[in-house]
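There are 2 protein chains.
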Amino acid sequence: MTEVEAFLKDHSDRFVEELKTFLRIPSVSAVSAHQGDVRRAAEWVRDQLTQAGVASDLVETDGHPIVYGEWLKAPGAPTVLVYGHYDVQPPDPLAEWKTPPFEPDVRDGLIYARGATDDKGQMLTHIKSVEAWLKSVKSLPVNVKFVIEGEEEVGSDNLDRFLESRKEQLKCDVAVVSDTSQYAPGIPAITYGLRGIVACEVTLHGPSQDLHSGIFGGSIANPCNILAKLLGQLHDDKGRVQVPGFYDDVTDLLPEERKQFAALPFDEQEFLRSLGAPAPFGEAGYSTLERRWARPTCDINGITGGYQGEGPKTIVPAKASAKITCRLVPAQQNETIIKSLEQFLRDRCPSTVRMEFKTYHGCPATVCDIHSPFMKAAKKAVKVGFGAEPVLIREGGSIPVVGTFKAVLGVDTLLLGWGQNTDNLHSPNEHFSLDAFHRGIHASAALWAELAKGS
Amino acid sequence: MTEVEAFLKDHSDRFVEELKTFLRIPSVSAVSAHQGDVRRAAEWVRDQLTQAGVASDLVETDGHPIVYGEWLKAPGAPTVLVYGHYDVQPPDPLAEWKTPPFEPDVRDGLIYARGATDDKGQMLTHIKSVEAWLKSVKSLPVNVKFVIEGEEEVGSDNLDRFLESRKEQLKCDVAVVSDTSQYAPGIPAITYGLRGIVACEVTLHGPSQDLHSGIFGGSIANPCNILAKLLGQLHDDKGRVQVPGFYDDVTDLLPEERKQFAALPFDEQEFLRSLGAPAPFGEAGYSTLERRWARPTCDINGITGGYQGEGPKTIVPAKASAKITCRLVPAQQNETIIKSLEQFLRDRCPSTVRMEFKTYHGCPATVCDIHSPFMKAAKKAVKVGFGAEPVLIREGGSIPVVGTFKAVLGVDTLLLGWGQNTDNLHSPNEHFSLDAFHRGIHASAALWAELAKGS
Numbered sequence: 001m002t003e004v005e006a007f008l009k010d011h012s013d014r015f016v017e018e019l020k021t022f023l024r025i026p027s028v029s030a031v032s033a034h035q036g037d038v039r040r041a042a043e044w045v046r047d048q049l050t051q052a053g054v055a056s057d058l059v060e061t062d063g064h065p066i067v068y069g070e071w072l073k074a075p076g077a078p079t080v081l082v083y084g085h086y087d088v089q090p091p092d093p094l095a096e097w098k099t100p101p102f103e104p105d106v107r108d109g110l111i112y113a114r115g116a117t118d119d120k121g122q123m124l125t126h127i128k129s130v131e132a133w134l135k136s137v138k139s140l141p142v143n144v145k146f147v148i149e150g151e152e153e154v155g156s157d158n159l160d161r162f163l164e165s166r167k168e169q170l171k172c173d174v175a176v177v178s179d180t181s182q183y184a185p186g187i188p189a190i191t192y193g194l195r196g197i198v199a200c201e202v203t204l205h206g207p208s209q210d211l212h213s214g215i216f217g218g219s220i221a222n223p224c225n226i227l228a229k230l231l232g233q234l235h236d237d238k239g240r241v242q243v244p245g246f247y248d249d250v251t252d253l254l255p256e257e258r259k260q261f262a263a264l265p266f267d268e269q270e271f272l273r274s275l276g277a278p279a280p281f282g283e284a285g286y287s288t289l290e291r292r293w294a295r296p297t298c299d300i301n302g303i304t305g306g307y308q309g310e311g312p313k314t315i316v317p318a319k320a321s322a323k324i325t326c327r328l329v330p331a332q333q334n335e336t337i338i339k340s341l342e343q344f345l346r347d348r349c350p351s352t353v354r355m356e357f358k359t360y361h362g363c364p365a366t367v368c369d370i371h372s373p374f375m376k377a378a379k380k381a382v383k384v385g386f387g388a389e390p391v392l393i394r395e396g397g398s399i400p401v402v403g404t405f406k407a408v409l410g411v412d413t414l415l416l417g418w419g420q421n422t423d424n425l426h427s428p429n430e431h432f433s434l435d436a437f438h439r440g441i442h443a444s445a446a447l448w449a450e451l452a453k454g455s
Numbered sequence: 001m002t003e004v005e006a007f008l009k010d011h012s013d014r015f016v017e018e019l020k021t022f023l024r025i026p027s028v029s030a031v032s033a034h035q036g037d038v039r040r041a042a043e044w045v046r047d048q049l050t051q052a053g054v055a056s057d058l059v060e061t062d063g064h065p066i067v068y069g070e071w072l073k074a075p076g077a078p079t080v081l082v083y084g085h086y087d088v089q090p091p092d093p094l095a096e097w098k099t100p101p102f103e104p105d106v107r108d109g110l111i112y113a114r115g116a117t118d119d120k121g122q123m124l125t126h127i128k129s130v131e132a133w134l135k136s137v138k139s140l141p142v143n144v145k146f147v148i149e150g151e152e153e154v155g156s157d158n159l160d161r162f163l164e165s166r167k168e169q170l171k172c173d174v175a176v177v178s179d180t181s182q183y184a185p186g187i188p189a190i191t192y193g194l195r196g197i198v199a200c201e202v203t204l205h206g207p208s209q210d211l212h213s214g215i216f217g218g219s220i221a222n223p224c225n226i227l228a229k230l231l232g233q234l235h236d237d238k239g240r241v242q243v244p245g246f247y248d249d250v251t252d253l254l255p256e257e258r259k260q261f262a263a264l265p266f267d268e269q270e271f272l273r274s275l276g277a278p279a280p281f282g283e284a285g286y287s288t289l290e291r292r293w294a295r296p297t298c299d300i301n302g303i304t305g306g307y308q309g310e311g312p313k314t315i316v317p318a319k320a321s322a323k324i325t326c327r328l329v330p331a332q333q334n335e336t337i338i339k340s341l342e343q344f345l346r347d348r349c350p351s352t353v354r355m356e357f358k359t360y361h362g363c364p365a366t367v368c369d370i371h372s373p374f375m376k377a378a379k380k381a382v383k384v385g386f387g388a389e390p391v392l393i394r395e396g397g398s399i400p401v402v403g404t405f406k407a408v409l410g411v412d413t414l415l416l417g418w419g420q421n422t423d424n425l426h427s428p429n430e431h432f433s434l435d436a437f438h439r440g441i442h443a444s445a446a447l448w449a450e451l452a453k454g455s
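So the protein sequences, as listed, match chains A and B. Residue numbers for the first sequence follow full-length UniProt numbering, beginning at 1 and rising by one. Residue numbers for the second sequence follow full-length UniProt numbering, beginning at 1 and rising by one.
Isolated chain A, as found in the complex:
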């Protein structure tokens, strides 16, 4: 590691310049006008990997290309799959950026640009660490495979097919993704659990068009009234989901996990204040972090029906609908939950309206073994890079690829987030700490060594 660390030190300025070059490419995957830019970013990543010593290529898909690279010259050593993405969110609203989103600007040690933290800056740390090994000691202590996609921000439509079709080629022992956050500044973290998600939309159809509520009200079922009645039964007064069997498969948190969460600095009042919420809320018997990370939910994300404008309008609406997502935790089964939810609503829906139920793509919850050698290696590596023992946390959101890696490749994923929750990802003035960038490269370089040791 001494030679590697020396290389990192010597080339740290160049790494920042390269990150800037990467950030200047407006690889907005959602906007077709940027198609050329997205491809340019893919080519840039391929070239970075190649110059680092990792044989790489673009793999064409029905959408944006996937960059695939591999270095497999460490026989007997573990094989690590690094996943990341080179595409970025649209930069809107542009007017709110202090400096242009695709002209990276460094202020107070933070680099501001769309994609700085999500995920260009974080992902690049692994390419740079590999380069450092391959250019200093001329080899890596592990085998690495890179899968860097260009459609993460638009649903990764072509990734699953790629992973399925290259299952053999992608065989590995563990996956590494840096696309999450530290727990807080100065408190690096490894995210070992993610909630899953099921998504659906329920629509109640009543009369064929909006009716005058004076002429017809009381003699015709009102889809808004009925929708409220149905959805109002989803939770009890304490917010516990009433869908039969909803909690049946939930794996309880281990005492050890609850202890870890409880030990994390967390200011409940500051949390409420920052969200502007009037009062604490959540399932009885669980802390706020437990509710966010390890308890399932059923949230109406949108509800709509009838008149949406200003003032009153006297109609019985023709229809009403709601978008609902449930965040799931291990070991809830997506299929079971969505079916139970549909059945719950159908059982309670009167024949005076017609129910339409539509499901959207979801993904299962995942949790990794916190006592695995990979996890131990990652903890040591993060400590090398960041100078502090990482805390083990979960995350309430969903990263579908982690479930896919488990399902298709049979491996756990180490979620090593170098960013902060406050990095404005998906918002104007996205940024990433250059200190975290360098520490991330260092941690990544250490990770290859620790994984090889089998910790």
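Hints may be right or wrong, so weigh each one.
[What the hints assert, rightly or not] Okay, derived cross-link-like pairs now, BS3-like style, lysine-lysine, Cα gap no bigger than 30 Å in a straight line:
# : chain 1 : residue 1 : chain 2 : residue 2
1 : B       : K313      : A       : K406
2 : B       : K379      : B       : K171
3 : A       : K376      : A       : K259
4 : A       : K339      : B       : K238
5 : A       : K313      : B       : K358
6 : B       : K313      : A       : K238
[Unchecked claim] A few chain A residues that don't get close to chain B, going by computed Cβ distances all over 12 Å:
#  : residue
7  : G53
8  : D105
9  : K167
10 : K171
11 : V241
12 : T251
13 : E256
14 : E283
15 : E310
16 : S340
17 : Q343
18 : R354
19 : V384
20 : V391
Since the hints were made in silico from the structure, they are not lab data. Idealized CB from N, CA, C, for every residue including glycine.
Keeping the supplied structure of chain A fixed, place chain B upon it in accordance with the hints.
Okay, now just chain B, sitting in the frame of chain A:
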């Protein structure tokens, strides 16, 4: 009446031409670009009244002018106040009109134009009948006062002040309004009861902005979830309103009324088919007509919260709101009902969200004495004009001015509708039967005689 009837016959073609002239004026009160047209319509009505022999003037208001006219040369005879409106709804969507909305076109005995039935064609019948009396027998058997406003389609904002401030001048024995419908073709009707209305909007405020439902879901109250829970309690499974005291002041229908309603031709299956509703609905123990005309309701007219676009979006919404109206029946008190509704929601609203409750303008239910001499006179007059005994019906909608006439002037209103429910009022291809126009004039002419007789 013989001379009057002869006059009606001799001038029927001219009356139609005059109606066409009236309909050509695009007096859309809601659209400021039509302000000049609205005024032109007011002037046209004033001139019509004046040439008929009724001294008339425009009364300026903060909005569009009110036409006021009076002929008071029948000492000792009853005084009748005729109310109508010269403004019309916007004609949109224009593309759906077969002929232009302000170029009246007669097809199959129907005159097509915006305002044909609502209310220009219907209102004009009373001016023409007065003209017939004053130009043939040179006097009227009753005193008449005309109040024709230009803001009915935009909420009659200035009418109440006008009525209040001219209370003495407007003193009368009964009011007459032709702005409703017959029961069906060939079944003329007098509407003797109207439902009232209270309107409100409830908004639940949660976090200060939409939050990521993965990161925060389960730890923060979701205003959509809570709104559904609150509104879902408004009705029991059979659609009966659960607000305490809601039905306390309801005057039950008289056996005589229920008998009258039951005798009306009404095809339940055709009713459902025409509305496109999957199944019958309504309060147990009441017929569809009773539910529509004489039972109170509580309808969500619009509900909104969170994401409104296509597909899923994983947020906990910052707020959710619903527009609610209750149709009221005699003798429910508007103030009591709206207060109970608010209290019902507040009692059930948890402290995790902040409730905002906003009320809109409403009006009380009204019912007229079906055995009064005025009603008897009206029944006779309608029979003269339409050749059939009118049925006595109620109406589920609200006509606020009827309540105001009762409250301010202390009089009942005779709602003599010459139109049909199918006249497309407020819709493209609005029309009015010219036969009904002439019969309406005839009935109106007979009404003055019958009212004078004291029937």
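Taking the closest pair, is the beta carbon of A/G53 still more than 12 Å from chain B?
Non-interface label on A/G53 holds, nearest chain B Cβ at 37 Å vs cutoff 12 Å.
Does A/K171 really sit off the interface, with its C-beta more than 12 Å from all C-beta atoms of chain B?
The claim stands: A/K171 keeps its Cβ more than 12 Å from every Cβ of chain B (closest is about 30 Å).
Pairwise hint evaluation, A/K259 against A/K376, where the allowed Cα distance is 30 Å at most
19 Å, holds
Confirm or reject the statement that A/V241 sits farther than 12 Å, beta carbon to beta carbon, from all of chain B.
10 Å, violated
Per the stated criterion, does the least C-beta distance between A/V384 and chain B lie above 12 Å, as a non-interface residue requires?
Given a closest Cβ separation of 28 Å, the condition holds.
Taken at face value, is the distance from the CA of B/K358 to the CA of A/K313 at most 30 Å?
Distance ~14 Å between A/K313 and B/K358 Cα, so the pair holds.
No chain B beta carbon within 12 Å of A/V391's
About 17 Å separates A/V391 from the closest Cβ of chain B, which puts it past 12 Å; holds.
Does the claim that A/R354 lies off the interface hold, with its Cβ farther than 12 Å from every Cβ of chain B?
5 Å, violated
Mind checking the alpha carbons of B/K379 and B/K171 for me, to see if they're no more than 30 Å apart?
Measuring from Cα to Cα gives roughly 23 Å; hence the hint holds.
Minimum Cβ separation between A/D105 and chain B greater than 12 Å?
The assertion about A/D105 holds, with a minimum of 26 Å to chain B.
Holds or violated: are the alpha carbons of B/K313 and A/K406 at most 30 Å from each other?
Distance of about 25 Å is within 30 Å: holds.
Can you confirm whether the C-alpha distance between A/K339 and B/K238 stays at or below 30 Å?
27 Å, holds
Violated hints, listed in ascending order, are 11, 14, 15, 18; each of the other numbered hints is respected by the structure.
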